[in-house]
Amino acid sequence: MKGFVLTMDAVVALGLVLAVLGLLLPLASPNNADALDEIAVQRYTSDLLAVLQKSGRVESALAGNESAITSAFIYSGQGKCFLFTARRMPSGEIVSALSKGGCGSVRANAATAVSNEFYNGSVYEVQLAGWLA
Amino acid sequence: MKRAFISTLAALALAALVMLLVASSQAAFQLRERGLADYAAAGLVQYAFDNSGNQIAAMSDWNLTFAKTAAGKANVTLATNFPTFNDSPRIVNYSDYLANNFSKGFGASVLPDFTPLSGGEIKLVSNGGAVLFVNSSNTTGIRPADVRDSTNASTVAIVLSTPRTLLSSNPWAFDPLGSTQVNLTLVHGGGTINSKGRMDPNKPHNYWLNFTPGGAQFLQVFFGNGTAGNGTATIRSQQVNATAGIWAEFPYAPASAWHYDATLNVTKGGVSRVSKIPAWDGG
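The listed protein sequences derive, respectively, from chains A and B.
Throughout the first sequence, residue numbering follows the working numbering, covering 1 to 133 in sequence.
Throughout the second sequence, residue numbering follows the working numbering, covering 1 to 283 in sequence.
The set of hints was computed from the structure by calculation and includes no laboratory data.
As the structure is a computational prediction, the values presented were derived from the model and not from experiment.
Where is the CB? At the ideal position from N, CA and C, for every residue including glycine.
Just to be clear, a hint being listed does not mean it is correct.
Said to hold, decoys possible - Partial list, derived from the structure: chain B residues whose beta carbon lies under 7 Å from chain A:
| # | residue |
| --- | --- |
| 1 | LEU44 |
| 2 | GLN55 |
| 3 | ASN101 |
| 4 | GLY105 |
| 5 | ALA108 |
What the hints assert, rightly or not - 30 Å max Cα-Cα, derived DSS-like pairs, lysine-lysine:
| # | chain 1 | residue 1 | chain 2 | residue 2 |
| --- | --- | --- | --- | --- |
| 6 | B | LYS104 | B | LYS203 |
| 7 | B | LYS123 | A | LYS54 |
| 8 | B | LYS276 | B | LYS73 |
| 9 | B | LYS104 | B | LYS196 |
| 10 | B | LYS123 | B | LYS203 |
| 11 | B | LYS104 | B | LYS68 |
| 12 | B | LYS276 | B | LYS104 |
| 13 | A | LYS54 | B | LYS276 |
| 14 | B | LYS276 | B | LYS196 |
| 15 | A | LYS80 | B | LYS104 |
| 16 | B | LYS196 | B | LYS123 |
| 17 | B | LYS104 | B | LYS123 |
| 18 | B | LYS73 | B | LYS123 |
| 19 | A | LYS54 | B | LYS73 |
| 20 | B | LYS73 | B | LYS196 |
| 21 | A | LYS100 | B | LYS104 |
| 22 | B | LYS276 | B | LYS68 |
| 23 | A | LYS100 | A | LYS54 |
| 24 | B | LYS68 | A | LYS54 |
| 25 | A | LYS80 | A | LYS100 |
| 26 | A | LYS54 | B | LYS104 |
Claimed, not checked - Chain A side only, calculated, beta carbon under 8 Å to chain B, not exhaustive:
| # | residue |
| --- | --- |
| 27 | SER46 |
| 28 | MET89 |
| 29 | PRO90 |
| 30 | GLN127 |
Take these sequences, add in the hints, and give me the full structure.
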């Protein structure tokens, strides 16, 4: 009988230890789901910038046809937000800044993809920021 | 008392096992995150290489196309205009931009070495050593990487177009048993010249196209064993405005990939790559 009580005591103690661990571990370690979301957004943003460049839409935007970029944003689906920026180098002067409608300003944790485009005698640095709405 | 002691030990062992499992799963998650991050970085590094090649192509005063044929050959076409433009200064500027501004924005170490492109000649090199080039001295063509080598081109076709009227020409001689088929077409203000036949790539052949008396303004087409090696094909303009296109067919295996003669060293996160900048991966 005494052994049974002690065993129950140990089991209850174990339960308490597990409960405390369950509460503390999520606080002590990064949230894996969030980290995976961040990687997915980073990947999507990089892929979208590559598509915009390879399809000639970045060149069109630099030529003044900004809808080449904004129309592509529409097809990215709901819940994803983007801001496209093109700077003429080496001055860094912003020649184009286009965002997806209804997204507001860029989130602090936005993913960014950076590339460059030679157009009409100048090099432009193009950047795409992506975040979840 | 003894049973209780054993039960307590068992409970403690169970607790230790649970904690061990939790700790190892955290490590596994972190490893997976790191793997995914490196996977993403690998894609970005790859894209940095591809995009640099595309931008050099955009800066170059030539048009290039590559194709793999059903017959298992690799076809390359290079077209440029005479007089040629010196693309080296803007390519050097692009190299500086990659090393400084771009590396910061890209969040990576980017170390370009574009020295081989800085001397007035833009070059592409195949994995077999053949070199495609356009230089600022109004010469374009194909040559082996080394004077001891051969381009191994099985067919070479050259098309020249100029609004000027041809005054006279000194054609080349063919070698009926030669291993290379060479076709030349000149479209000029007064008509068209076609010259087709087989040539020995180990012998020099020149076709001179004169546009003024005394040979002050001419186009020179060369095929064969030049100072650069066997199977060299070059077109040189001396004060003649013209469009020059050169098409060559190579065995696929030694010409299945082409890269610019420029090196990029990119390190992002746990991913690092040092290689020539690709122009065609042979696909």
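Status of each hint after checking the structure:
For LEU44/B, the suggested interface contact is upheld, since its CB lies about 6 Å from the closest CB of chain A, less than 7 Å. At about 5 Å, the closest approach between the beta carbon of GLN55/B and any beta carbon in chain A falls short of 7 Å, and the interface hint on this residue holds. Interface hint status for ASN101/B: upheld, as the beta-carbon distance to the closest one in chain A is roughly 6 Å, under 7 Å. For the restraint placing GLY105/B at the interface with chain A, the shortest Cβ-Cβ distance is roughly 4 Å, inside the 7 Å limit, so the hint holds.
Checking ALA108/B against chain A: minimum C-beta separation of about 9 Å lies over 7 Å; hint violated. Under the criterion of a C-alpha separation no larger than 30 Å, the hint pairing LYS104/B with LYS203/B is inconsistent with the structure, at around 52 Å. Between LYS123/B and LYS54/A the alpha-carbon distance is near 23 Å, which keeps this suggested pair within the 30 Å criterion. Under the criterion of a C-alpha separation no larger than 30 Å, the hint pairing LYS276/B with LYS73/B is consistent with the structure, at around 23 Å.
Of the supplied pair hints, the one linking LYS104/B and LYS196/B is violated, its CA atoms being roughly 54 Å apart against a limit of 30 Å. Proposed proximity of LYS123/B and LYS203/B is supported: the alpha carbons are some 24 Å apart, at most 30 Å. Using a Cα cut-off of 30 Å, the hinted pair LYS104/B and LYS68/B is violated, with the two alpha carbons roughly 38 Å apart. Pair hint LYS276/B plus LYS104/B holds up; C-alpha atoms about 21 Å apart against a cutoff of 30 Å.
A hinted pair counts as satisfied when its Cα atoms are at most 30 Å apart, and LYS54/A with LYS276/B qualifies at roughly 21 Å. Between LYS276/B and LYS196/B the CA atoms are separated by roughly 36 Å; this puts the pair beyond 30 Å, and the hint is violated. For the proposed pair LYS80/A and LYS104/B, the alpha carbon gap of about 26 Å is at most 30 Å, so the pair holds. In summary, the hint linking LYS196/B to LYS123/B is supported, as the alpha carbons are separated by about 27 Å, within the 30 Å threshold.
Annotation: proposed proximity of LYS104/B to LYS123/B holds, straight-line Cα distance about 28 Å (limit 30 Å). Between LYS73/B and LYS123/B, the direct Cα distance comes to roughly 21 Å. Compliance with the 30 Å bound is thereby established for this hinted pair. Simply put, LYS54/A and LYS73/B have alpha-carbon atoms about 27 Å apart, close enough for the 30 Å limit, and the pair holds. For the proposed pair LYS73/B and LYS196/B, the alpha carbon gap of about 21 Å is at most 30 Å, so the pair holds.
Taking the CA atoms of LYS100/A and LYS104/B, the gap is about 25 Å. The hint holds against a cut of 30 Å. Restraint check: the Cα-Cα separation between LYS276/B and LYS68/B comes to about 21 Å, which is no more than 30 Å; the hinted pair holds. Annotation: proposed proximity of LYS100/A to LYS54/A holds, straight-line Cα distance about 20 Å (limit 30 Å). Among the hinted pairs, LYS68/B with LYS54/A is consistent with the structure: their alpha-carbon atoms are about 21 Å apart, no more than 30 Å.
Between LYS80/A and LYS100/A, the direct Cα distance comes to roughly 9 Å. Compliance with the 30 Å bound is thereby established for this hinted pair. Between LYS54/A and LYS104/B the CA atoms are separated by roughly 23 Å; this keeps the pair inside 30 Å, and the hint holds. Interface hint at SER46/A: satisfied, since its Cβ lies 6 Å from the closest Cβ of chain B, which is below the 8 Å cut-off. Nearest Cβ of chain B to the Cβ of MET89/A: about 6 Å, under the 8 Å cut. The hint holds.
Checking PRO90/A against chain B: minimum C-beta separation of about 7 Å stays under 8 Å; hint holds. Hint status for GLN127/A relative to chain B: holds, with the closest Cβ pair at about 7 Å, below 8 Å.
Going down the numbered hints, you'll see the structure goes against 5, 6, 9, 11 and 14, while the others check out.
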